[in-house]
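Asker: Listed here are the chains, written in short residue letters.
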Amino acid sequence: MGNCCERAGNFFGPQKNTNVRVSLPAVCFVWQIAMIILFGVFIRYDKESDAHWPETKREENITSDVENDFYFRYPSFQDVHVMIFVGFGYLMTFLKRYSYSGVGFNFLIASFGLQWALLMQGWFHSLDPATGKIYIGVESLINADFCCAGSLIAYGALLGKVSPVQLMVVTLFGVTLFAVEEYIILDLLHCRDAGGSMVIHCFGGYYGLAISWVLYRPNLHQSKRLHGSIYHSDLFAMIGTLFLWMFWPSFNSAITDHGDGQHRAAINTYIALASSVLTSIAISSMSQKRGKLDMVHIQNASLAGAVAMGTAAEFMITPYGSLIVGFCMGIISTFGYLFVTPFLEKHFKLQDTCGVHNLHAVPGMLGGFIGAIVAAAATEEVYSKEGLINTFDLEGKFKDRDLGTQGGFQAAGTCVSIAFGLIGGAIVGFILKFPIWGDPADDNCFDDETYWELPEDEETVPPVLEYNNHMIHKQQDIRSESNFSVEQS
Amino acid sequence: MGNCCERAGNFFGPQKNTNVRVSLPAVCFVWQIAMIILFGVFIRYDKESDAHWPETKREENITSDVENDFYFRYPSFQDVHVMIFVGFGYLMTFLKRYSYSGVGFNFLIASFGLQWALLMQGWFHSLDPATGKIYIGVESLINADFCCAGSLIAYGALLGKVSPVQLMVVTLFGVTLFAVEEYIILDLLHCRDAGGSMVIHCFGGYYGLAISWVLYRPNLHQSKRLHGSIYHSDLFAMIGTLFLWMFWPSFNSAITDHGDGQHRAAINTYIALASSVLTSIAISSMSQKRGKLDMVHIQNASLAGAVAMGTAAEFMITPYGSLIVGFCMGIISTFGYLFVTPFLEKHFKLQDTCGVHNLHAVPGMLGGFIGAIVAAAATEEVYSKEGLINTFDLEGKFKDRDLGTQGGFQAAGTCVSIAFGLIGGAIVGFILKFPIWGDPADDNCFDDETYWELPEDEETVPPVLEYNNHMIHKQQDIRSESNFSVEQS
Amino acid sequence: MGNCCERAGNFFGPQKNTNVRVSLPAVCFVWQIAMIILFGVFIRYDKESDAHWPETKREENITSDVENDFYFRYPSFQDVHVMIFVGFGYLMTFLKRYSYSGVGFNFLIASFGLQWALLMQGWFHSLDPATGKIYIGVESLINADFCCAGSLIAYGALLGKVSPVQLMVVTLFGVTLFAVEEYIILDLLHCRDAGGSMVIHCFGGYYGLAISWVLYRPNLHQSKRLHGSIYHSDLFAMIGTLFLWMFWPSFNSAITDHGDGQHRAAINTYIALASSVLTSIAISSMSQKRGKLDMVHIQNASLAGAVAMGTAAEFMITPYGSLIVGFCMGIISTFGYLFVTPFLEKHFKLQDTCGVHNLHAVPGMLGGFIGAIVAAAATEEVYSKEGLINTFDLEGKFKDRDLGTQGGFQAAGTCVSIAFGLIGGAIVGFILKFPIWGDPADDNCFDDETYWELPEDEETVPPVLEYNNHMIHKQQDIRSESNFSVEQS
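Chains as they are written, first to last, in UniProt numbering: chain R, 1 to 489; chain F, 1 to 489; chain B, 1 to 489.
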């Protein structure tokens, strides 16, 4: 197959060098060793995971081990972890010959990203000025997973068109940019964004789209034969969809306040998601001859409601408010897959493999503005005085901020996340244009064969199918036109 | 393929109109909008998910956020959620060409069903007479998922033979009937049924069977070519089986009493399930030439032990009692698949695609009676006085009920669930016979092509297989009979 | 196909009798009935799962139901449960025609093993001398799952070469040996081994390898055609890998101390795993022409870091220490797959289907020694006095043991586990050589057809592929050499 791929190069244009035998191991080793050194210098256990915990308990009058944050957050953490690795990973297996890369490179970049995220988020959010150390606990792990999500979303826009080395670069910059924009949005602007409509989805979506726009391939149609799903690849992708869908209530509630905060965020997300499914299916059915459903919509648009609830889930948006958000997002996202993605590709030269524009960028942005509106509309009557302070964390220097202002800052935060995504993505895109990263040629996109050793008998599948198709047409001709057939030859 | 399907209509009988382009979106939109309005009027956060929680805590002397019901039930809720969407969904992917519909329509009806269930169960169980509102928390979400399970079980009997619009009708009535029978069984008769042997499995099973009986298709053999599994579809189905199997301890313990109730229900279910696997495999092996195992039995009968523990799991049935229940159910359920399903199809005109009779209806019914016996045998010595009151909730107007009587009511409850299933199912079946629902023709059953846009290259698979089979036989002839072969032609 | 397989026997050597129609049901029934009797005699609910819990709470001044061990451990238990059934099960579906057996026999032996483990571990660890009963709770369930893991690891070395009856024997002895070595290591030597580097992975790995060595098949190449993966079987296997990878933090923390112990073990494992992924991918890429990745390495070596953290995860190994462990293990394990497994097969006649030597035996052994070093290096400064006592459980007769000695005992424990694995495995291997167990012939290994009823159209796949391959080569000849083609004939 190596030969075949080289020949293809001769036919279709200048041969690209997709050999990553030096660059991929080099990047993995250098970055992993850097992580070890930086972890050694900076990262320590926080007091809830340190062996001094029995002393801490006594000093702080904590009556029970169950008050350890581990028991509040670990079940949600594991759900989020499943979303990152199985959810995102299998969602990206839908292409017929790119499933290994979908789930495998997702595994690689999330594993690297979470290490870098522990450091970056630590420096920006929890560096102890006295000791110069970052103290980590279960909440840090959740945040690190969240931080990876931004880069994984960007991968969705790039799927099939980049090399694993490029993805490592996307992740290095993606996590860095994430930590900075998160610091600006959550700390400086003091926005609330528990489920990350703004900081995760809006940022990640536009980051990926900007990179993809810079890396536009005018001849991508040369690998059109691989740009689609097959029956079983769509079933694998549904595994990803369902684990994302089921565990999204945990995603949006994982780092909200103990007690009512986590409880309410989970309920709101659960309700919004249910509503998204019905409107996605309705629009999908309306759009096709004979009302047939399209798996692309079911796999993606059904999730849009949860993306848009990322900011507002912890607020008192009310159950019917959540239903309305899900209702609208299912419609908007499905329309996006039907009309906006083809339009962007044709008129804006934007190739968005997974349609992250419709699932993350737009619902994330709208989620940011929904959060702004719900925050601005918050009243003491609905939340109680204490509830308002808790929910919007109006303490310290923010204790006098009124809620209209808070809404304004939430909206501003959304704009910051868009700006970071677009500008950061454009810069990273230009870095990735250097011809040193081993990216595939236009006719080798969406093909696992470029970066994976494939099982032997699979390598012969495409010609078999081609041959079979040929034989079928042949046979049909024969059947309809003559008595003369292969068997009778 | 559209053409092909129309032609098929001409060959095999009157053409059915499977176009759901108007009806499916209409149903989705109308019902989703109705949900929004009804949620707006009725549904509110309960005090544990409301922003007033800090006040509530103070008023009720709750010392810690960890006492919020969220932390007692959320991990179990997520396990149940996985069972509903991945467990039931993937269990129904076993057919070779109906996997999209198996997992996709399961997704649709569960998403609608849980919304309607929050309302129906709210009206019957937790409507506050003072305010006219339903207050929801994590336990409501679990109950809504449970309520959907009834309709998903019914889908198992109907798999491949109905349209998505019909399934929405099945769910609307299924959830409604469920809420009523649950009210009668749990509130009026004051039965205990934490894991729903009676209210979920027995009801859902007979509901589906009754519908299927009314919708009997004498010419279903016309789609016999699609009525079976292939190697990989069975592997997808095993994902469903295993997630159901693993998380069933959470299902049966999700809404039992805090503390020992949840703990014991999980242990009992875990033990019963292990035992079911061994006897299912034993009977499966005995039934086949050379002792070969049948995937159908492994996928289904291994779960029967947990269904039958749905009522008794929270009682002091003892670990060996649980083993015995699992032991018997594995045998009964596997025998059901071997003998009862074919018998019912032949003599009672009952087409039960997934064999819900053997996995839900019968084990659910037996589980109800097992619960009755274990309840009647309960003594103060085994439970302690306080334990008896807790376990059987013998408070208020039921505080003087003795346990023999309780056993009698449990048995009566089982009969109520059967009656609701059979009568309700028969009525819904007649509604579904109107020729307006877009159900498939007899020769188009078990075919995703009817309601889904399929990936292009898959549409050619059946002729390819046909062709290959042909060629193989041809080749075998050639090999054995002559030197004359295709290659030599 | 039965005929075909009989014919094959005539061609390739003495016919093996793979009929398990008597033996498999007999073993299942006899052992399951024995379990019922033994459970009846010995097993009872512990006080946290007994209906007397309200009394217990009052007597022991427990203030809240949330102090019930169920809430500390149940989420971790469910994660471990998923690892055992979906993780191990699907990891073993990678072979092209042995996926049913991979996941199905895993299901069978884990279901039997956990029952026997509840008894064996109960007798050795928690038999109440006063009553002669074993009292079980959620921690017993976790330990039972752990105990099965040892036998499932052994199955990895035997995959494809043994009958289900042999696997039941492997499990019966595996669980028994496990309970004894665990008693020696944890109770007599007083080692700490929360995640089971020694007692689970090292023992299980060498147990399987010793059995496989005794059962060496010189003519295994006769089923070489089935000894590989196909595209979709590798995707199924990745489901197993990812669920193992994601939930391993729960595995290593499931039975550690409440509070900081569980918290720290989860963090350390999470970090070590991330690091393993990067070095596995680096070495995999370096080893192949053009830097292509090999799915075998991604599926397996990425997990090695967690295996090696099984002992040390609960210690204060520090986050960067965890990174270093993962870093080294990814390299060692991938090298094992590249060089050691082929070497052992060639020179030591050791056929290790899944490479458990590289994923369990060696990383487990190294994990034991890492634990010994970290224990020996523990100081009061790092742990605090109370922390040291808690972490190493230095109470009762071990309260004066210094930590250097503890390190020595940890190392001794590792040697005990190796010895038990090798000697026990050799004995069991000889038992399995009796010609009564229905194991497959050399040319029938790795073939589901031997023990499973396969879907009809699948049985024709191998000839189809063969034929297609033939035709492709033919066609290529035709294309390149002449104008004469099948179509034109």
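Please keep in mind that the hints were generated in silico from the structure rather than gathered at the bench.
As the structure is a prediction and not an experimental result, all values here were calculated from the model.
Heads up, the beta-carbon is just placed ideally off N, CA and C, and yes, glycines get one too.
The reader is advised that the hints may include incorrect statements.
Residues from chain B shown here face chain F by an in silico Cβ test under 7 Å; the list is partial [as the list claims (entries may be wrong)]:
1. ASN17
2. ARG21
3. PHE29
4. VAL30
5. ASN61
6. ASP65
7. LEU186
8. HIS190
Keeping only pairs whose Cα atoms sit at most 25 Å apart, straight-line, the calculated PhoX-like set for lysine-lysine is [claimed, not checked]:
9. B:LYS57 with F:LYS399
10. F:LYS397 with R:LYS385
11. B:LYS385 with R:LYS57
12. R:LYS133 with B:LYS385
13. R:LYS57 with R:LYS47
14. R:LYS57 with R:LYS224
What the simulated footprint calls covered on chain R by chain B, stretch by stretch (three residues with Cβ under 8 Å from a Cβ of chain B suffice, anywhere in the stretch; the number is not a length) [said to hold, decoys possible]:
15. 179-187
16. 215-222
Asker: Which of the stated hints cannot be reconciled with the structure, identified by number in ascending sequence?
Answerer: Violated hints (numbers, rising): 1, 4, 5, 7, 8, 10, 14, 15, 16; every other hint is consistent with the structure.
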